[in-house]
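Q: With the sequences and hints as input, model every part of the structure.
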Amino acid sequence: MTVNIIGLGRDIYKGLPTTLCAGCGHNSITNHLIKALYEYGVQPHMLAKMSGIGCSSKTPAYFVDQAHGFNGVHGRMPSAATGAKLANRELLVLGISGDGDTASIGLGQYAHMIRRNLDCIYMVENNGVYGLTKGQFSATADLGSTLKNGTVNEFAMIDVCGLAIELGATFVARSFSGDGKQLVPLIQAAIAHRGTAILDIISPCVTFNDHVGSTKSYAYVKEHELVANMPDFIRPREEITVDYEPGTVQTIELENGSHVLLRKVAADYDATSRIAALEAIHGARGKGEFLTGLLYVDADVPDLCAKERMTASPLKDLGEADLRISREDWAKLFG
Amino acid sequence: MHRVINDFTIRVATVNGSGSQSSNLVLTNAIFSLGVPVAPKNVFPSNIEGLPTWFDVRVTSKGYQCRTRDIDVLVGLNAATWRTDVASVKPGGVIVHEATYPVAGETLRDDVTYYAVPFNELAKANFSDGNLRKYLLNMIYVGVLAELLGIDEATIEAAIGKQFKSKLKAVATNMDAARIGFAYAREHLAKRDAFAIERMSGKTDGLLFMDGNRAAAFGCIMGGCTVVAWYPITPSSSLCENFISLAEKYRVNRETGEKNVAIVQAEDELAAIGMVLGAGWAGARSMTSTSGPGLSLMAEWAGYGYYAEVPAVIFDVQRAGPSTGLPTRTMQADVSFAYHLSHGDTKHIVLLPATVSDAYEMAMDAFDLADRFQTPVFVLSDLDLGMNSWITPPLAYPEKPFDRGKVLSADDLAKLESWGRYRDADHDGIPYRTLPGTNHASAGYFTRGTGHDEQARYSELPDVWERGLDRLTRKHDTARTVVPQPVVEESGHPVAILAYGTTHHAVVEARDLLEADGVPVDYLRLKALPLSPDVAAFIARHERVYVVEQNRDAQLFTLLRAELPNHLVSRIHSIRHYNGVPIDAHAIVDPLLAAEREPAVIAE
Chain A
2 MTVNIIGLGR
12 DIYKGLPTTL
22 CAGCGHNSIT
32 NHLIKALYEY
42 GVQPHMLAKM
52 SGIGCSSKTP
62 AYFVDQAHGF
72 NGVHGRMPSA
82 ATGAKLANRE
92 LLVLGISGDG
102 DTASIGLGQY
112 AHMIRRNLDC
122 IYMVENNGVY
132 GLTKGQFSAT
142 ADLGSTLKNG
152 TVNEFAMIDV
162 CGLAIELGAT
172 FVARSFSGDG
182 KQLVPLIQAA
192 IAHRGTAILD
202 IISPCVTFND
212 HVGSTKSYAY
222 VKEHELVANM
232 PDFIRPREEI
242 TVDYEPGTVQ
252 TIELENGSHV
262 LLRKVAADYD
272 ATSRIAALEA
282 IHGARGKGEF
292 LTGLLYVDAD
302 VPDLCAKERM
312 TASPLKDLGE
322 ADLRISREDW
332 AKLFG
Chain B
3 MHRVINDFTI
13 RVATVNGSGS
23 QSSNLVLTNA
33 IFSLGVPVAP
43 KNVFPSNIEG
53 LPTWFDVRVT
63 SKGYQCRTRD
73 IDVLVGLNAA
83 TWRTDVASVK
93 PGGVIVHEAT
103 YPVAGETLRD
113 DVTYYAVPFN
123 ELAKANFSDG
133 NLRKYLLNMI
143 YVGVLAELLG
153 IDEATIEAAI
163 GKQFKSKLKA
173 VATNMDAARI
183 GFAYAREHLA
193 KRDAFAIERM
203 SGKTDGLLFM
213 DGNRAAAFGC
223 IMGGCTVVAW
233 YPITPSSSLC
243 ENFISLAEKY
253 RVNRETGEKN
263 VAIVQAEDEL
273 AAIGMVLGAG
283 WAGARSMTST
293 SGPGLSLMAE
303 WAGYGYYAEV
313 PAVIFDVQRA
323 GPSTGLPTRT
333 MQADVSFAYH
343 LSHGDTKHIV
353 LLPATVSDAY
363 EMAMDAFDLA
373 DRFQTPVFVL
383 SDLDLGMNSW
393 ITPPLAYPEK
403 PFDRGKVLSA
413 DDLAKLESWG
423 RYRDADHDGI
433 PYRTLPGTNH
443 ASAGYFTRGT
453 GHDEQARYSE
463 LPDVWERGLD
473 RLTRKHDTAR
483 TVVPQPVVEE
493 SGHPVAILAY
503 GTTHHAVVEA
513 RDLLEADGVP
523 VDYLRLKALP
533 LSPDVAAFIA
543 RHERVYVVEQ
553 NRDAQLFTLL
563 RAELPNHLVS
573 RIHSIRHYNG
583 VPIDAHAIVD
593 PLLAAEREPA
603 VIAE
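Protein sequences appear in the order of chains A and B. If you're matching positions, the first sequence starts at 2 in our numbering and goes up one per residue. If you're matching positions, the second sequence starts at 3 in our numbering and goes up one per residue.
One should not assume that every hint holds.
[Said to hold, decoys possible] With a straight-line cut-off of 20 angstroms between C-alpha atoms, the simulated SDA-like cross-links for lysine to any residue are:
no., chain 1, residue 1, chain 2, residue 2
1, B, K193, B, H4
2, B, K164, B, D112
3, A, K308, B, Q267
4, B, K164, B, D207
5, A, K15, B, A443
6, A, K308, B, S247
7, A, K333, B, D207
8, B, K402, A, R325
9, B, K261, A, A307
10, B, K64, B, L209
11, A, K308, B, K251
12, A, K308, B, Y252
13, A, K308, B, G19
14, B, K261, A, D330
15, A, K223, A, E290
16, A, K333, B, S247
17, B, K136, B, G19
18, A, K333, B, Y399
19, B, K164, B, P39
20, A, K333, B, S168
21, A, K36, A, V4
22, A, K182, A, A307
23, B, K349, B, Y399
24, B, K349, B, W467
Bear in mind the hints are in silico, worked out from the structure with no lab data behind them.
A: The structure is reproduced here in structure tokens:
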């Protein structure tokens, strides 16, 4: 049997059979996620799969069956993820959300998780539409795009990547559910990043949002994707061999000594510049295009646990002797 | 002249933001230091500066801790409320006031004694710093009042020393101001009233002042709370603020600076309780504190915690509602809401602290109960308990270890053939859980608020759903005898009072008054929900039980009617108080006596 670097087979990373529609982009993302976790060698028992409510939020049941999952309430996954990480900072917290869960009901928690730089991976499976309630617009639907029944979206869209950068996010990437080559290394880089890693993944809804007039259909995305860079993930101590043209590769060292190598498709794209990233995102959108790749990264910002100067031991493991005021100090207070 | 020693109430009427808090506390501490029990009540506005505020110091030789309606000694330092303040004084009382306030017409009473003091003039003449002057003016009143009541300078000096601790300059300046008051009163005010403080013994030995929010913060520290997520709201903020200051002192490794705690000021109460549940799920003891409006926002997650069975501790320091209501006034109006918080069939464990000791001990209990029952536990304090200072015995060092409940480790799992997250293995309704990070192939499970079976698998089957709800009821029933049990004081009287929370203190005085009136009553103090079986048994032993509470809708009374056996329902009667200020004894005695003396009233 083929095993990964911690000796586990790929099957360990699988979950229950999906109950989403056949052809749903989310299922592709789940498969890429399984590959990324398997190749990275994530310990199943240290993974905390967090989600809110919606089609996307069901997907934690479909991978790493042995891991603990927490399918919370609509739009409030970031708070539960925050609590879980504070209780046990050794957990790998992986949040999976959708565009309704993130950009509408959960926008506040999304924003505050980012500004605290909670160490977690936050994936938005973004299809621009509410699936479980049968096809209403979400807040990430593009202005002027249409529903299946012809209704036109009259409202401005929320760009979860642009917003994240504005809020001080330390890792922001966008990809497409059908592009495993780009998505798998991005997920692995997100795992290695210490801080909030936002992955906005355009994921067409085959049932409610794959028609002409949708700007999140397979056809539209394939035609309008603008690639900023293609990442390679290099784990710690692995030799970095570069066979690309000099000047077209940006190397970024992540917290645990791993690297992400960005093969720049747009040669002048600089993933370490907040302003450049925002300009590129807005520029692409102005042309009706999706900019994909690792859009922005800053590996040097302390995460929430570090900012709070928390002890290295998981708080859940502390006992009476660690937590109670000593009898001696108590006597000074009340003696 | 008939003298009134150690049994009267002083009311200090000032403007919010005028810095009267220190002087009020100095006066309170000075009286207490003479061995005389006191019960201070701060009646303050929802405002930073400018609105009226009152500080009542009840001087009480019997040690009553409840509010009284009778104001005997007024210190009038607010022109805006001068007219109504004068009217509030009981006949025979005393009014010490700023000399420039008019004493004529409505404000001229012939049944009280006036002492006019030129406070502003004295402050202006003696203190050049305009900012400091307003604070020192208040300390002048302390000197005047002390001289009139017979408290000596040394006692005031000690109280000022305690108030300002190591700030020597502040001690000296404040004492100067107090001496100005003493001197003015000696030279200009001939004692013409009955009220005096005299040293007592045996009533305050070993007692200290503390507010319930600080006591609860101590309980959270000693109860092993490691994750706090909160959103500021009156009157609960000082609970978390006290926790923060205690954690800064006692949870920080002095060598490394590393903390055995995580505290997050959340973006709102939705996030606060979400963080608490996330932390509880991952195995930390976690809490949030809030008040009514915040509790409303927490409803959805509370139901999740109940159904997915996640430990959490939520302090609700109740204020006057509905809606924004009166943020700085007190009520017990969240009882039924908290008990049933969330949509669907939901019923929670609710603790009902009455005293500072309760606030401390129930905070510790709450973490044990949350872990034991794997559920959100609500501690329903109120503004009166949380923010007022009470005289209390010192908090006792906990002797019990934490009860972390039914948590399976990897070793436990290795010994088991199988386990199910929601299986009722012990027939007490309480299942076993595992924590994320447990290194065993069968440890993981999927926590969800959607329908699930004993193995935590999604299920929409009618039988599975009903079975789950029934097990949660079994768990709730198990809690009836595990939560803090009622305190019963019983001497075989046919009539009794049933109360909870801070209403207790008014019941204590009311029982003395009722006994003096020839209607002695037994007493059950409820300490928690779900109801202990002791409650129905107590009611069954009495002909009439008056349920006293501080809300309009008789919330506990209604809950009792729903849960008591039919033949006991007609024995309970409701007495309510809900004007936002703490309940006093007469709010109980008057309606109770009326009902007892006119049976027709009961029948209605």
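Q: Which of the numbered hints above does this structure break?
A: Of the numbered hints, 2, 13, 22 and 23 do not hold.
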